[in-house]
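*Asks:* Chain residues, written in single-letter form:
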Amino acid sequence: MELIEIDQVNKVYKKGKKQANIDISFSIREGEILGLLGPNGAGKSTLIKQIVGLLAPTSGEVRYAGVNVLKQAKKVASQFGYYAQEPHALGALTAREALLFTGILRGMAKKEAEKQTMELLERFGMAELAGRPLKKLSGGQKRMVGIGTTIIGDSRVLVLDEPTNELDPLNRRLVWDIIVERNRQGATILLVTHNVLEAERVVDRVAFINYGRLLEIDSVPHLKQKVDGRLKLELTAVEGEAGNLMKRLEEWGDIQQTAENRLRLLIDKNRAGTMLDWMVHANDLPIDEYAMLPPNLEDVYLYIDSQKEKAAGYVIREKKVGSFIG
Amino acid sequence: MLSVRKRWEASLANALAFVKGRMWTELYILLRIQVAIVREQWIWIFIMATIFPLTTLLFMKFMYGISSGEIMVNVIVGNIVFAIIMMGFNALGQEISWQKHAGYFTFYSSLPISKAVFVVTQLVRGLMTAMPSVIIMAFIGQFAYGIRLHYEWGLIPIFLLAVLSMVGVGAGIGFWSPDHQMTNMLVQGLMMFVGFLSPVMMEASQLPPVLRYIGVIFPTTYSASALREMLTKGWTHEVTVDMFILIGFIVVSFAFISRMINWRAAD
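Heads up: the sequence lines are chains A and B, in that order. Last residue of the first sequence? That's 325 in numbering that gives the first Met the number 0, and every number before it is there in order. Last residue of the second sequence? That's 266 in numbering that gives the first Met the number 0, and every number before it is there in order.
Okay, chain A solo, but in the shape it has when bound (with noise of 0.2 Å):
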């Protein structure tokens, strides 16, 4: 069944001169997790304020159960829970205030919300900085936190901003494994991430978004099939030679720049032992490392960017080398 469906969305900014969302259609089914992905300026927070019922896009429009999510604005607001990338409003409370607070203002009885709070709390090891005012804990543990206050209350929709930004890989994994549970406990999830290869793991579908476009939508293995056949091939050219190295390598399958030195090439798997044999003795190819290595769903993206880009000729407002990992 489908819970929230973006129906030709539009959102013009700045008097029209910037367009951060184009004709962007697509639903979330219940009880998934859709990862939201592409990189920094593609339109990805614009879109899911909007989702929230925070931004009124400019035409089109959000439904959240077959009603546009500004005609119930206050029943979003009680079903939803929205991580932003804003910093946290709760900083003078204490961890357990900023948490129980929010359980409350979110509807919960005051009983269950402390029981909540400090499961959340244990879950966290914070248990005991439960009464340390948010200012004085550490940038990792404000954002576990501020996760905890998006997540405490039952929700029946999550839409999580880049949740594991500037966390460590304890608590990214916490995180992940936080997210596929309230999922297997009914919660829809929507996740707007640049860590690509850790959101593979938990999403069930994935829709890529660059120049304010919906470039694809699919589960991971259907878009992984668009790069069957293929291997990757990671390079670091020789500085300053990135632009040279890619001319002679662009015969052999489609190539990017990554980095200001490093180029990503998807090649044929029936044609990469003949290419390699040529790498090898060329020895004039400005090239100081390569691996070999299966794609992943960041080389799907880029390769999906890549072909959308070409094919449309769609106006790149701007590109940035190598944004796409924050």
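One or more of the hints may lead you astray.
[Said to hold, decoys possible] In the DSS-like style, the derived pairs of lysine-lysine whose C-alpha atoms are separated by at most 27 Å in a straight line are: (1) A:141 x B:5; (2) A:70 x B:114; (3) A:135 x A:114; (4) A:73 x B:114; (5) B:232 x A:74; (6) A:110 x B:114; (7) B:60 x A:74; (8) B:114 x A:109.
Since the hints were derived computationally from the structure, they do not count as laboratory data.
Given the structure of chain A, go ahead and fit chain B onto it with the hints provided.
*Replies:* Okay, now just chain B, sitting in the frame of chain A:
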């Protein structure tokens, strides 16, 4: 016509249910959050609210060697109003503007809470931060300068109205300003103007006509007038008039802030 009536009745029923139940919970929790913010900053609030009126008071004493009781009453009342300006207008305006531009309101607007209750708690916070300095200024005037002032129960509502009317203006500027620099310039400029070029530290008759007319639009004019009257004569007809004007300022500023807060897109 019937559907409009039904919708109106449904809205009324919802509003009544809200007042009976959730409103008090929201008010209590949001007030506790505001108390926590004040609790954390109280020392700075106290210093900021006291230092400027106090130094102005001393400056005037050193400069002019004030001895006339009437002038001294004006100066003390002016400084009480100035303390309110400092906290209710300047500090609260800047704080709200900073919170808005830092994106803090996203958190509140994503929760199922009433905007009106949120605005009320912001005003109460302004009240909490301004009241101590008002009381301090009143005591300094009484004991350091030996001015005999009338202290009666009627002062309490006048203080509250004076503070809330200024807090409303401060919160309005904070919510409205397109950026933090604009808030800063606006509150600093207005603060100096209101403090020294409107009937706060002096009687309206001492000002040139142009400034007298401009002073009419500032709630500080009525706060100072009502306080001066209360402290020197008690509750007079003029105090009643000033009180109603201050209530008008509070109502207008509450309505203005409610519209200006960038809450949910549906509002």
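*Asks:* Now tell me, hint by hint, if it's right for this structure.
*Replies:* Status of each hint after checking the structure:
1. The suggested pairing of residue 141 of chain A with residue 5 of chain B is violated, with an alpha-carbon distance near 47 Å, which exceeds 27 Å.
2. For the suggested pair residue 70 of chain A and residue 114 of chain B, the alpha carbons sit about 16 Å apart, so the restraint of at most 27 Å is met.
3. At most 27 Å may separate the alpha-carbon atoms for a hinted pair to count; residue 135 of chain A and residue 114 of chain A meet this at roughly 24 Å.
4. With a CA separation close to 11 Å, the supplied pair residue 73 of chain A and residue 114 of chain B stays within the 27 Å bound.
5. Note on residue 232 of chain B and residue 74 of chain A: the hinted pairing is violated, with a Cα-Cα distance of about 54 Å set against a maximum of 27 Å.
6. At roughly 25 Å between alpha-carbon atoms, residue 110 of chain A and residue 114 of chain B fall within 27 Å of each other, so this suggested pair holds.
7. A distance of roughly 60 Å separates the Cα atoms of residue 60 of chain B and residue 74 of chain A; the hinted pair therefore is violated under the 27 Å criterion.
8. Of the pairs offered as hints, the one joining residue 114 of chain B and residue 109 of chain A holds, with about 22 Å between alpha carbons and a cut-off of 27 Å not exceeded.
Checked against the numbered hints given earlier, the structure breaks hints 1, 5, 7 and satisfies all the rest.
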